[in-house]
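K.L.:
As a plain string of letters, each chain reads:
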Amino acid sequence: EAQVTQNPRYLITVTGKKLTVTCSQNMNHEYMSWYRQDPGLGLRQIYYSMNVEVTDKGDVPEGYKVSRKEKRNFPLILESPSPNQTSLYFCASKALGNTEAFFGQGTRLTVV
Amino acid sequence: SQQGEEDPQALSIQEGENATMNCSYKTSINNLQWYRQNSGRGLVHLILIRSNEREKHSGRLRVTLDTSKKSSSLLITASRAADTASYFCATARTNAGKSTFGDGTTLTVKP
Chain R
1 EAQVTQNPRY LITVTGKKLT VTCSQNMNHE YMSWYRQDPG LGLRQIYYSM NVEVTDKGDV
61 PEGYKVSRKE KRNFPLILES PSPNQTSLYF CASKALGNTE AFFGQGTRLT VV
Chain A
1 SQQGEEDPQA LSIQEGENAT MNCSYKTSIN NLQWYRQNSG RGLVHLILIR SNEREKHSGR
61 LRVTLDTSKK SSSLLITASR AADTASYFCA TARTNAGKST FGDGTTLTVK P
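Chains R and A, in that order, give the protein sequences.
In this text, residue positions in the first sequence follow the numbering used here: the first is 1, and each later residue adds one.
In this text, residue positions in the second sequence follow the numbering used here: the first is 1, and each later residue adds one.
This is chain R alone, in the form it adopts within the complex (with noise of 0.2 Å):
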C-alpha cells in the first residue's frame, strides 16, 4: 500500500530536549516536505527537498533541521524545542511535476 508514515504520532517533551520526528514513505518519490499546522494559521511549509541531499528552506524553517540521506526518509530534527514548536506536524511526499502530493497522519507535539 502506498503510504506515507510518520513516528511518532503523539509526543510530549520538554524544552531543549532534542528530537527527531521520522517520515518515511514506499512510493519512490523524488519530492518530500514537512509542514506544521497551529489552529487558524492552516499548513505551513518548514522544509522541502526534491531529491536525496538536496533540502530547501520553506516558509517557517527556523528551529528546525532536516536530512535526506535517503530517497525514502526524511527526518525532522528539532535541536532544541521550544514550547511555540507544539503543533501538529505533516510530511509529505510526491512525484516531481504537476503530481498529488501524499500526506501522513500527523505528529501532534507538544513541547512543556
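Worth flagging that the hints you see were computed from the coordinates, not collected in a lab.
Hints may be right or wrong, so weigh each one.
For lysine-lysine, the following DSS-like pairs were computed, each having C-alpha atoms within a straight-line distance of at most 25 Å [unchecked claim]:
1. A:26 x A:56
2. R:57 x A:26
3. A:98 x R:71
4. R:69 x A:98
5. R:57 x R:17
6. A:98 x R:65
7. A:56 x R:57
Facing chain A, from chain R, some residues (calculated, C-beta under 7 Å) [as the list claims (entries may be wrong)]:
8. 39
9. 42
10. 103
11. 106
For glycine and all other residues, C-beta sits at the position ideal for the given N, C-alpha and C.
Since the structure of chain R is provided, determine the placement of chain A on it from the hints.
P.N.:
Relative to the frame of chain R, chain A by itself:
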C-alpha cells in the same frame, strides 16, 4: 498575507445542497490543488488544476481556476454528511518547489 486564502472560513449546509468554497492567491502559479482534511488527520488530495486549465471535474467535485483574478473555486454538488471536513487550497509556483496552503474552509453538512 498568506498566498492561498479560502473563503468562507466556515460553511454549514443541509445534505443534498451544493457547497462552494473559494480560494484567492497573490502571485503567479504553476498549479493549484485542493485537499480535504478530516479533523486532526492527514490531508487527502482532491484535485490538481494547472495554470493553463480553467475547469476540472472529479465525481461530485468541480474546480475552476481564473488566473486573471487569481482565484479558484471548489464546488461540491449534492453534499453528504460524510463531506463534513476542512478543505484547503494549495498553490505552487513551480511543479516541485514551495507550496503554500490557505487557512481552509470548514464545511459542515447536516443530515
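K.L.:
Which hints from the list above does the structure break, by number from lowest to highest?
P.N.:
7, 8
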